[in-house]
Amino acid sequence: MSSSAPAPAPEDQRSIAVRLRGIGKRFPGVIANDDVNIDVKRGTIHAIVGENGAGKSTLMKILYGVQPPDSGTIEINGEVVTLSSPADAIRAGVGMVFQHFMLADNFTVLENVVLGAEKLHGVGAAARAEIMRISDAYGLDVEPDRLVEELGVGARQRVEILKVLFRGARIIILDEPTAVLVPHEVDELFTNLRGLKEEGLSVIFISHKLDEVLSVAEEITVIRRGTTVKTVDPAGVTARQLAELMVGSELPSPSTETSTVTDEVLLSVQHLGLPSPEGRPLLNDISFDIHRGEILGIAGVEGNGQAELVEAIMGMRHGVTGSVRLSGTDLSHVSTRDRRESGIGYIPEDRQRHGLLLDSPLWENRILGHQGRPPSVKHGLIDKRGARTDTQRIIEQYDVRTPGPDVLARALSGGNQQKLIVGREMSGDPILLIASHPTRGVDVGAQAAIWDHIKDARRKGLAVLLISADLDELIGLSDRIEVILRGRLVGAFDPGDVTPEQLGSAMTGAGDPA
Amino acid sequence: MSPRATKFLLGIAAPVLALVTAFAITSLVLIAAGDPAGEVWGQILSVPETRKLTNIINNATVLYLSGLAVAIGFRMNLFNIGVDGQYRVGAFVAAVVAGEAWLPGYLNTLLAVAAAILCGAAWAGIAGLLRATRGVSEVISTIMLNFIATSLVAFFLRKAAVRVEGSNSLGTKVIPEGSRIPSFSIGSGPGTEVYGFLFVAIFAGFAFWFVLNKTRFGFDLRATGQSTTAAVANGISVKKMTILAMLISGGVAGLVGLPILFGSAYSYGSTFQSGLGFAGIAIALLGRNNPIGIAIGALLFSFLNEQSNALQILVGVSPDIVAITQGVIVLTVVISYEIVRRYGVRLEQQHVAQALASEAPPPPGGPSSAEPEEVRA
Numbered sequence: 001m002s003s004s005a006p007a008p009a010p011e012d013q014r015s016i017a018v019r020l021r022g023i024g025k026r027f028p029g030v031i032a033n034d035d036v037n038i039d040v041k042r043g044t045i046h047a048i049v050g051e052n053g054a055g056k057s058t059l060m061k062i063l064y065g066v067q068p069p070d071s072g073t074i075e076i077n078g079e080v081v082t083l084s085s086p087a088d089a090i091r092a093g094v095g096m097v098f099q100h101f102m103l104a105d106n107f108t109v110l111e112n113v114v115l116g117a118e119k120l121h122g123v124g125a126a127a128r129a130e131i132m133r134i135s136d137a138y139g140l141d142v143e144p145d146r147l148v149e150e151l152g153v154g155a156r157q158r159v160e161i162l163k164v165l166f167r168g169a170r171i172i173i174l175d176e177p178t179a180v181l182v183p184h185e186v187d188e189l190f191t192n193l194r195g196l197k198e199e200g201l202s203v204i205f206i207s208h209k210l211d212e213v214l215s216v217a218e219e220i221t222v223i224r225r226g227t228t229v230k231t232v233d234p235a236g237v238t239a240r241q242l243a244e245l246m247v248g249s250e251l252p253s254p255s256t257e258t259s260t261v262t263d264e265v266l267l268s269v270q271h272l273g274l275p276s277p278e279g280r281p282l283l284n285d286i287s288f289d290i291h292r293g294e295i296l297g298i299a300g301v302e303g304n305g306q307a308e309l310v311e312a313i314m315g316m317r318h319g320v321t322g323s324v325r326l327s328g329t330d331l332s333h334v335s336t337r338d339r340r341e342s343g344i345g346y347i348p349e350d351r352q353r354h355g356l357l358l359d360s361p362l363w364e365n366r367i368l369g370h371q372g373r374p375p376s377v378k379h380g381l382i383d384k385r386g387a388r389t390d391t392q393r394i395i396e397q398y399d400v401r402t403p404g405p406d407v408l409a410r411a412l413s414g415g416n417q418q419k420l421i422v423g424r425e426m427s428g429d430p431i432l433l434i435a436s437h438p439t440r441g442v443d444v445g446a447q448a449a450i451w452d453h454i455k456d457a458r459r460k461g462l463a464v465l466l467i468s469a470d471l472d473e474l475i476g477l478s479d480r481i482e483v484i485l486r487g488r489l490v491g492a493f494d495p496g497d498v499t500p501e502q503l504g505s506a507m508t509g510a511g512d513p514a
Numbered sequence: 515m516s517p518r519a520t521k522f523l524l525g526i527a528a529p530v531l532a533l534v535t536a537f538a539i540t541s542l543v544l545i546a547a548g549d550p551a552g553e554v555w556g557q558i559l560s561v562p563e564t565r566k567l568t569n570i571i572n573n574a575t576v577l578y579l580s581g582l583a584v585a586i587g588f589r590m591n592l593f594n595i596g597v598d599g600q601y602r603v604g605a606f607v608a609a610v611v612a613g614e615a616w617l618p619g620y621l622n623t624l625l626a627v628a629a630a631i632l633c634g635a636a637w638a639g640i641a642g643l644l645r646a647t648r649g650v651s652e653v654i655s656t657i658m659l660n661f662i663a664t665s666l667v668a669f670f671l672r673k674a675a676v677r678v679e680g681s682n683s684l685g686t687k688v689i690p691e692g693s694r695i696p697s698f699s700i701g702s703g704p705g706t707e708v709y710g711f712l713f714v715a716i717f718a719g720f721a722f723w724f725v726l727n728k729t730r731f732g733f734d735l736r737a738t739g740q741s742t743t744a745a746v747a748n749g750i751s752v753k754k755m756t757i758l759a760m761l762i763s764g765g766v767a768g769l770v771g772l773p774i775l776f777g778s779a780y781s782y783g784s785t786f787q788s789g790l791g792f793a794g795i796a797i798a799l800l801g802r803n804n805p806i807g808i809a810i811g812a813l814l815f816s817f818l819n820e821q822s823n824a825l826q827i828l829v830g831v832s833p834d835i836v837a838i839t840q841g842v843i844v845l846t847v848v849i850s851y852e853i854v855r856r857y858g859v860r861l862e863q864q865h866v867a868q869a870l871a872s873e874a875p876p877p878p879g880g881p882s883s884a885e886p887e888e889v890r891a
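Going down the list, the protein sequences come from chains A and B. Be aware that the first sequence starts at 1, since it is given in our numbering, and climbs by one per residue. Be aware that the second sequence starts at 515, since it is given in our numbering, and climbs by one per residue.
Incorrect hints may appear among the rest.
Pairs of lysine-lysine residues, derived as DSSO-like cross-links and limited to a Cα-Cα distance of at most 27 Å, are as follows [what the hints assert, rightly or not]:
1. A/K378 - B/K728
2. B/K754 - A/K384
3. B/K521 - A/K384
4. B/K753 - A/K378
5. B/K728 - A/K384
6. B/K521 - B/K728
Please keep in mind that the hints were generated in silico from the structure rather than gathered at the bench.
Bound conformation, chain B alone (with noise of 0.2 Å):
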């Protein structure tokens, strides 16, 4: 087999193995509780049907950004934990910004997709800051910055607030027509529109993927993630880099609730969307840190949510079971790749020790008298 081909069935590997194994685990669970299994996975692994196929694909490229601004940290070393609290500050400054309509029309958008990702970046950067100049470790800022983003954002809610008529719930001023991201249909009839955002996900997956594989700053970002100290003896500074990942994760983060915002919800109020940085985390893992496969970790992730949904009604089991497999394939995914790294490591010494083998002259396989040294004293 080609090294090529090795390579490819060796990335396919590791995932497989690990959503394998999770569902076996959760099958376990069920049978464990006298669920019915068949039964439950039936439901979920059923073909979707158009509408819930739109959800599917709307929840995936939520999730998408969230998995990019994660994996941009993890690129480096850097586990921003604080997507979460990045993604609500974003999508807040942006519909405080969409819902003030300073500017006409899709300028509008422009500025608060701007302001989004400028806050975004300014929330992680705090973090960036205090691991480049204090030595903090950003797992435990982040998480720190997701508890302040949280509470300052339903402190500025309350003063941005409008009241909508007829409900309890409190809400930005709502996005002017003009100013919302259209939707596309992908069938006939209602619920099959699909976020036009879509394709602003997919560009940032083509940016991220360029970045980091073609530009000599995405050089520098890897090699400072791979090791800190080789990058230090060739002359990249660890500090900016530090800092500068920081920003990029942010600054993703803060696109993440905007499809929702500019595609069905048109204001931000105290029930947006919560909890996408989370499954970000899970779904970088997934996806191992690439464009490609963190948007098939998204696609699945959020397939299992809209599947599970009706399993209540349909089996009578609680749609949480898929939380269950969620969560551990986040565990097998860890797991697998180390087993399938290691393999993989050690599958290329023998190779190159084989092909260097085969070039050198023939090895001393028979007795050692094949030897015919003689020591002179």
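Okay, chain A solo, but in the shape it has when bound (with noise of 0.2 Å):
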């Protein structure tokens, strides 16, 4: 099937770096692979695309030596190799970066590249020269004796791929790399894995964002359900294709029908403020309004004020000054519970943390945020049946994939655990909805679900605060943009003529006159 890639005619056998054949791995239950067949030409980035749980990662677990696959070949330069472990992967030249970096804070830079392999160079100035040496021909840039606390998140990728080089790696994994990573980190990556590449390294590259896939890539092979339904050129498809062959069916798309936006304030919040003992506040006089059936977006780069401005709103955070009206109440001074029971249904950032119970079962979960309320609760008893009732309720109408109420949360995918969240949030008749990042980390099928029931809570007259690191979601949801930047909202935009451009600037205060 590879060979239905629109790539020039085939090339020496030599020329590919890897070659996957027939790959297989099962586990009770579930098949994780099925016949996955894959070439990664020397000298250039190949990516590897697929909704979340298509089976990405137990394929590059395979490829590492993780686990060994039930059936299939794995070539390396030609050869086939048996890879029983992590060292066998090494000593065949593929090394992996992972997701979550994997480094001692309290260590210099020197001392994690040399942790288990100072056999190589020895501990010393061997070692560093030779590190000197990598970071020079690569353009890595990076410091030998920094701490690896003082660096920035982009600067610590940049040594786990100094380190996957310093064991001798010639084809390398990175896994989801531009997750963590800001916009103008994202090019500085792209920039080094070029780099790589001309110096005639292989890289394999997992991710989920398209856009980015779209612009490093060479060649782009989708998974779904665990098999390669086909490798592409990046020049001749788009990103939507590319979507729909990870999803096999048309996408919807974010955009907002119709403007239902009132004048009737739902919420109001005036001169929020949230002072910091380091210094600059946390959140400095945010004030806005949110009319019934209207989005409100808030764009910006993570760690701005964010999840602080959320948690101020939700009455979770100490010493917030300002004010919060939700439908002419005042809020200031209540309790979460009772800013909830007034009408607030939320979507936390972190649905595992803050959203879920993961070993409870789906009907407790129902229960969770709604503790004094019909149905899961009677006379201040829990009732069970109708709990369940209800949780089967959320399941049927908000398209939770489950066998029943009765499974723990931890058994469910991303997607499905946040489709039960919003499901339960939207119950209750509440009159704001606040989405914290909806739909980080779920596979497209489910985004495309959490975002037609964010307009439909619009659309019933809701009001709506989405915070958003996806910018098209942002600018296909809201009715308006407010950008926030260093705990102030510096500017509103109207989502009809923005582009994520004028958003990105904004966000970064480039161009910005305050």
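With the hints as a guide, dock the two chains, each given alone in a separate frame, to form the complex.
This is how it looks when you write it as structure tokens:
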């Protein structure tokens, strides 16, 4: 099937760095990989895209020797290899940069790089020289004596890449490397990757951010439900077509229909402030109104006060100044529970830590945050039957894929967990919905469903506060966008005539008059 | 197999695994020491006679309350090591109140029980308050409070004590007969009297189950125990729950010494049974913080204690060997629960995946050519 790629005529066998043929991996009850065929050419960046749970991670674990495949062969540089541990993979020249960095914060860059590879170049001058050689050769720009804890995310990632190169890798796997980076760091990473490629190394780039994949990769292999669907040339496809290959169906787009905004103010936030012990306040004089039937989007680079803003409105933070009024009622000094019960639905940023009890069944998760109201509570007692019935309703209405309401929340995939939360928070007739990164880390199918539910909320006359790092999502859903920078709102935009680039520069403070 | 049956089997698998391992390790110790392992087990696992059975039930009643007290903390992710101190304070105060007999008959008993609950709760509440307001680990503070309780009770015992005639031991005033809790006999002859307090313990177990599983308060408590972050985001005050959980745990701990006080000792003296709080930790772990499980754990520990008494005489082995067994049980229980829990989660995830795979359209089993999509450039 890979032959269907619109690539130049088949090249010499030796130009293939990695050849996977018929790779299969089963877990009891689940087929993680089935007949996966991929050719990664030497000196190229090869992207592998697919929904969450499509089998990308399992495939990469197989290639990095973490798990053995049940069937199929792995050829590296034309030779069939058996990789039974990461050590084997490293010996074969395969290195992996994980999404979550594996660095010791209180060690220097040099110490981190040589850790576990002391035999190669020792720990002293020779190692330092080798690090500098690699750093210069690929433009990684690392400083060997800096402590890792002083480094930013982008620099840490370069250290991880250097670690892999130091161990002699010629084939580098990067698992969702851009998930943790801000836009300009992504550009720097891509420059580094192109540098690696020019030196003849092969890069396998796993992602579900399609625009990035299209801009950096030479070839893109799409994985759906454990198997390779197609390998395409980025010059010949659009992000939308790729997404359709990933989901296997037509994709909805987030764009809103006709405006439903009214002039009735539901949420009024005035002069909200949150001092910080370290100096610059986390929130500084934030004021905005959201009307019935309006979605207000908050754009900003992560860490500029979005999380604090949400927690301040929810009453989860101490020391908040200013006022929060919901439908005319002053909520500034009431507890989180009272705020929720006065009509706030809350889709938290971190669903596993804030939204769910992972080791409880779904019906108990239905009760969470709604302990004071029917249908799950009657006369102060937990109404198991009521909660189960209502959970079943959410499962059906919100298309939560689960065998039933008695399953533990942990057993569901991220997208289904999120759909359950959305369904729960839309229950009990909220008048304000706070959605914090509602589609982060969920697959494309669930994303479309969640967008629909948010649009639905707007149509039903809710006020919606939408925080997102996905600018397309913000522009597509919002009636109005405010940009937050260093704890202040620095500009309002009409999503009808703003481009992601304009938003991006406002988010970083470039070209901003204030 | 139905999911319910699987859940049940998994639930039983962990303690059985733990017990088997613990018995095996104990046997190894016996063999290494050159003791007759077979005879020891023969003695321990023999069917107890009625008199011994009575002792087993009575001691289990005490251990059960202790296990419940610890389990309330565990459900909230609080490690109340201080049950030992809390029950001493509770039992001592109850003994003083009941001994003074300000009220007649059973009113006196009720007052004393209430005083025990309140004092146990207050003693544990100190740790709860420290945790909620100052972030002091309840593990540290309850250990310290145990020491303080021991000294404090010893100090006040001297003040409140009356010397028992013809003996060196100190004790509080003896509880008047009308305020004692009557026992009931399960056999004939002496030594077959079971504490009436048994019913209070059973009621406490039921209340534990009801409050935790059926009330909003219990839901909040369990939710906070599972994830404080989720609790905060969903409007549960973690500080309030911390203090309340410690108060309730301490209140139940206050009951621990009362079966003995009102059923056989009738006064609190320097020889009053000690160490009950620590046994409760092991029993709560063994019983999985579940009221039925704790009952089984309490009976097991009590059984081992009672059956080992005669070891020295009959087999020539120190009865301390069961302390080794009990200690090992605590370790193996923790390990085997974790193993079984992980296995259970995996099983459930597979179950979910399977259920979803069978309801979804047929999976792409064949070669990928079955996917005819073409990319339109």
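Structure-based check of each hint:
Pair hint A/K378 plus B/K728 holds up; C-alpha atoms about 10 Å apart against a cutoff of 27 Å. For the proposed pair B/K754 and A/K384, the alpha carbon gap of about 25 Å is at most 27 Å, so the pair holds. Of the supplied pair hints, the one linking B/K521 and A/K384 holds, its CA atoms being roughly 19 Å apart against a limit of 27 Å. Of the supplied pair hints, the one linking B/K753 and A/K378 holds, its CA atoms being roughly 25 Å apart against a limit of 27 Å.
Simply put, B/K728 and A/K384 have alpha-carbon atoms about 8 Å apart, close enough for the 27 Å limit, and the pair holds. Annotation: proposed proximity of B/K521 to B/K728 holds, straight-line Cα distance about 20 Å (limit 27 Å).
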